[in-house]
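Turn these sequences into a full structure, and let the hints guide you.
Chains as they are written, first to last, in our numbering: chain A, 1 to 266; chain B, 1 to 266; chain E, 1 to 266; chain V, 1 to 266.
It should be emphasised that the hints constitute simulated quantities derived from the structure, not laboratory data.
Wrong hints could be hidden among the right ones.
To be verified - List time: in silico BS3-like cross-link candidates among lysine-lysine, alpha-carbon distance up to 25 Å:
1. A:36 - A:175
2. V:175 - V:123
3. B:175 - B:123
4. E:36 - A:36
5. E:123 - V:123
6. E:123 - E:175
7. A:175 - A:123
8. E:175 - E:36
9. A:123 - B:123
Just so you know, these numbers come straight off a predicted model, no measurement behind them.
Number of protein chains: 4
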Amino acid sequence: MCRWAAYLGQDIYLSDVLIAPAHSLIAQSRAASECKTATNADGFGIAWYGDRPEPGLFRDVLPAWSDPNLQSLAHQVNSGLFLAHVRASTGTATSRNNCHPFVCGGLSFMHNGQIGGFDALRKSADMLIPDALYGDRKGATDSEALFLVAVGMGLQTAPLAAMEQAVATFEHLSKTHGAAPHIRLAAAFSDGKRLFAVRYSSDTIAPTLYYRWSESRRGWAVVSEPLEQESGWIEVPAGSFCVFEGENVEIQPFRPILQYSDPVGD
Amino acid sequence: MCRWAAYLGQDIYLSDVLIAPAHSLIAQSRAASECKTATNADGFGIAWYGDRPEPGLFRDVLPAWSDPNLQSLAHQVNSGLFLAHVRASTGTATSRNNCHPFVCGGLSFMHNGQIGGFDALRKSADMLIPDALYGDRKGATDSEALFLVAVGMGLQTAPLAAMEQAVATFEHLSKTHGAAPHIRLAAAFSDGKRLFAVRYSSDTIAPTLYYRWSESRRGWAVVSEPLEQESGWIEVPAGSFCVFEGENVEIQPFRPILQYSDPVGD
Amino acid sequence: MCRWAAYLGQDIYLSDVLIAPAHSLIAQSRAASECKTATNADGFGIAWYGDRPEPGLFRDVLPAWSDPNLQSLAHQVNSGLFLAHVRASTGTATSRNNCHPFVCGGLSFMHNGQIGGFDALRKSADMLIPDALYGDRKGATDSEALFLVAVGMGLQTAPLAAMEQAVATFEHLSKTHGAAPHIRLAAAFSDGKRLFAVRYSSDTIAPTLYYRWSESRRGWAVVSEPLEQESGWIEVPAGSFCVFEGENVEIQPFRPILQYSDPVGD
Amino acid sequence: MCRWAAYLGQDIYLSDVLIAPAHSLIAQSRAASECKTATNADGFGIAWYGDRPEPGLFRDVLPAWSDPNLQSLAHQVNSGLFLAHVRASTGTATSRNNCHPFVCGGLSFMHNGQIGGFDALRKSADMLIPDALYGDRKGATDSEALFLVAVGMGLQTAPLAAMEQAVATFEHLSKTHGAAPHIRLAAAFSDGKRLFAVRYSSDTIAPTLYYRWSESRRGWAVVSEPLEQESGWIEVPAGSFCVFEGENVEIQPFRPILQYSDPVGD
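If you want it as structure tokens, here you go:
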């Protein structure tokens with residue numbers, strides 16, 4: 001099922017989220033609490049923003065708990081905006097290109113959840129990726145395909161609408177050619193300035209999503225499950241789209257309704 | 001550019017081709033003689049047939065010369081039919097799924113060469129892969145796409161015709177949307193009983209291809225470049241399709257002429 | 001803590017032990033039942049005997065459940081004698097050279113358990129490895145050191161005595177310079193003809209060890225925990241040394257009493 | 001033989017040394033000009049200093065030219081002091097722990113060259129590593145052993161003397177138990193403030209070593225071979241020890257004369 005954590009705020013070491021907390025992301029790779037698969041050992045990845053428009057991206061196939069490169073990077077790299085993910089595969093191979101986050105230009109994206117029956121949908125999903133972005137389709141995951149389709153639908157300039165349309169498209173694809181549950185989604189993405197998060201499901205079970213403002217760090221942590229026992233973690237309701245910018249968060253309804261003509265047919 | 005070697009005959013250890021000869025395939029991964037890139041260090045793979053219809057497949061990203069698993073396997077595994085490949089990437093990432101050989105059911109395939117301008121063609125190429133075979137499209141190489149399209153065109157039952165059509169299709173795709181040189185091909189594939197090899201180019205430079213009957217082993221070696229200095233290596237002319245079966249080889253012309261309506265448009 | 005399984009008998013596919021059973025070794029890499037760490041995702045390895053005196057050895061760092069090379073090998077390789085292991089690290093890095101089994105000439109060895117306080121003992125342990133065998137000391141595990149010391153003490157010709165002495169030596173090393181629990185051991189090793197297993201602890205908790213004769217396969221399975229729910233699995237008592245040869249098993253007491261003068265001092 | 005490059009000066013992106021120059025370190029991994037092995041594809045590593053006393057360390061086994069993580073890191077990480085290395089193995093396995101640089105506390109070290117007959121010396125070399133530092137002995141290379149012995153001899157406080165003694169010790173070890181050429185060394189190391197480089201050989205062939213002050217970057221580049229064709233690269237004479245600090249470089253004779261009683265005997 002995967003676990004992830006994202007941060008936006010004053011620069012901190014990645015280790016403040018990945019390693020230091022009692023229930024850090026790396027601790028969750030060994031034993032998560034709030035997801036179907038306790039172990040998330042099918043690879044990991046981090047995308048972090050610095051001086052450049054494009055984020056750095058570091059992904060590998062080892063379990064996060066055993067990779068010394070990740071430990072070193074987390075202790076050295078400072079960033080005010082980053083995404084980190086530990087993976088439990090829902091079917092596709094363990095390889096670097098199937099690890100999250102995914103990056104396209106200055107955009108980064110990660111996902112916990114799945115698109116039902118994706119094995120039977122992958123060709124159709126790949127065909128929905130705009131020609132100009134197909135070079136960024138490097139792996140075989142549902143997550144990467146969803147991301148690139150959303151980018152093609154205007155994720156850079158209209159993040160809510162584009163993500164709604166992309167999710168609606170894949171939900172429809174799954175309903176017509178896939179299997180239930182059609183789509184379950186707790187995702188985060190960024191344009192290098194703001195941090196976005198979505199929580200949605202086509203049925204009643206949406207993967208968990210929380211956030212918390214840290215006064216000490218002056219930053220937002222947005223996570224699959226809380227990093228420590230302390231209070232202050234707010235659960236995002238299913239069907240929500242969050243925009244974190246500076247010290248503000250705005251939460252809007254997330255309504256993926258297919259607006260365009262059906263691109264794949266019934 | 002890659003180097004490869006295949007064998008059909010009495011059971012031998014894989015090491016008889018991979019390691020033992022003076023200019024073995026692993027030696028060629030360090031320093032090939034007859035190709036543009038002397039070093040072929042972007043991964044390797046072996047597919048070997050035994051008791052089952054499907055071959056075994058072992059691929060990894062380390063240079064072939066440095067992988068102890070490959071050494072061990074080569075010294076232990078006996079087979080009367082196998083394909084082995086060392087890779088020099090023509091653009092796509094170094095990952096297991098981009099290493100040759102590729103396997104689809106009981107068929108295996110490997111390739112030295114390229115399809116010109118493939119970066120711009122990949123989406124169209126992927127779309128040509130039959131829906132039922134898309135689950136086998138695991139990487140991003142031109143070679144894997146060509147193979148799966150050929151399988152869809154009947155490689156199992158009509159190997160020459162299917163490969164001609166597949167090559168013609170990709171040559172056309174490259175001419176309309178890609179770049180010169182459009183297609184260069186020295187490939188080998190097998191159905192578990194026979195060994196096939198093709199040498200073709202859309203221009204005047206076809207990647208090298210040789211074969212030799214070994215009386216001592218009672219088997220055929222089919223290679224990118226000879227494994228030793230000894231005589232007996234016969235060069236396959238460009239535009240040829242070879243069928244090795246038992247102790248016989250039959251060489252026919254290879255004429256990839258696009259017979260079907262253009263599937264991708266101009 | 002690790003899980004392992006070994007087999008001696010008529011040739012079978014490795015998959016008969018690694019994949020096919022309801023609680024196969026690969027299933028145990030995801031979720032073992034009878035050990036402290038349910039997840040054994042810090043690498044895996046197999047050593048199998050065929051025509052040669054030295055076994056084949058294939059080890060890698062991915063979790064066993066996610067490695068397609070392992071799947072392929074297990075479905076293709078037949079053997080009448082093999083050792084297979086999935087690792088949960090007790091401290092040392094995840095790397096191929098820290099995965100079991102270990103091989104030295106025609107001998108192979110794997111281990112579940114640990115030597116207490118090994119971090120502080122490693123240099124002393126390394127010094128106990130005979131000069132002539134130091135080239136085989138490739139990693140940093142307690143298991144590999146124990147094995148090589150045992151080889152130096154005559155494991156090839158007097159397996160029981162050599163293993164008793166090696167274990168006694170390391171137990172003493174841990175008592176004088178390490179930490180409790182000093183040594184816990186469920187290990188298997190082979191000389192290419194016979195299969196040996198040991199179960200021992202310096203305290204009251206010895207890692208589990210079972211065996212079973214399979215009438216259908218005509219072979220012995222020796223395991224950390226049973227591969228299926230069926231009856232017939234016999235638990236080996238702590239303090240035992242088992243010798244499997246042909247269709248026979250002989251179980252003797254295992255009494256590691258330090259006979260030589262203390263090689264490391266107090 | 002390996003190639004390496006180090007930098008001390010104003011913060012720059014690692015890519016300024018690793019990627020951007022015409023004959024960058026990654027270009028040298030494909031095709032070096034001034035060393036025995038043109039290809040250096042047995043892994044790579046970078047150690048870089050930032051805010052912490054300990055440097056970051058990132059090492060992996062892929063050829064440097066094919067690793068996207070390295071590309072990403074190099075484009076993102078700024079540092080005023082770093083070491084980078086691409087490896088051609090002189091015998092030991094390709095694994096992360098055998099890649100340079102090596103790190104011990106706040107010290108980092110990398111090496112091009114070898115200690116003659118090291119296979120036969122490794123146990124003796126390991127015994128020379130102080131007990132307190134043995135936990136940092138993670139691989140099997142001559143380079144890591146030399147480094148840790150030098151640390152034990154006072155590399156932190158008396159870098160010239162400690163390195164002279166360590167080199168003298170290993171040269172003696174090779175002369176008494178190894179093989180010619182006994183020691184060839186072009187090495188760089190750092191304490192997080194200064195950058196040191198050594199060029200030495202027990203015979204007439206010392207691996208190459210150059211340095212250059214960059215006015216535009218306001219920093220020192222110290223390399224195995226020049227990163228571009230431009231003038232200004234100064235060759236360090238064999239038998240020299242260089243200290244780079246701020247905008248100054250001081251070059252002293254390097255005279256490894258064994259001062260202590262022979263620790264290993266004849």
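For each hint, the structure was consulted:
{"no.": "1", "hint": "A:36 - A:175", "verdict": "holds (23 Å)"}
{"no.": "2", "hint": "V:175 - V:123", "verdict": "holds (15 Å)"}
{"no.": "3", "hint": "B:175 - B:123", "verdict": "holds (15 Å)"}
{"no.": "4", "hint": "E:36 - A:36", "verdict": "holds (21 Å)"}
{"no.": "5", "hint": "E:123 - V:123", "verdict": "holds (10 Å)"}
{"no.": "6", "hint": "E:123 - E:175", "verdict": "holds (15 Å)"}
{"no.": "7", "hint": "A:175 - A:123", "verdict": "holds (15 Å)"}
{"no.": "8", "hint": "E:175 - E:36", "verdict": "holds (23 Å)"}
{"no.": "9", "hint": "A:123 - B:123", "verdict": "holds (10 Å)"}
Consistency with the previously given hints is maintained throughout, with no hint failing.
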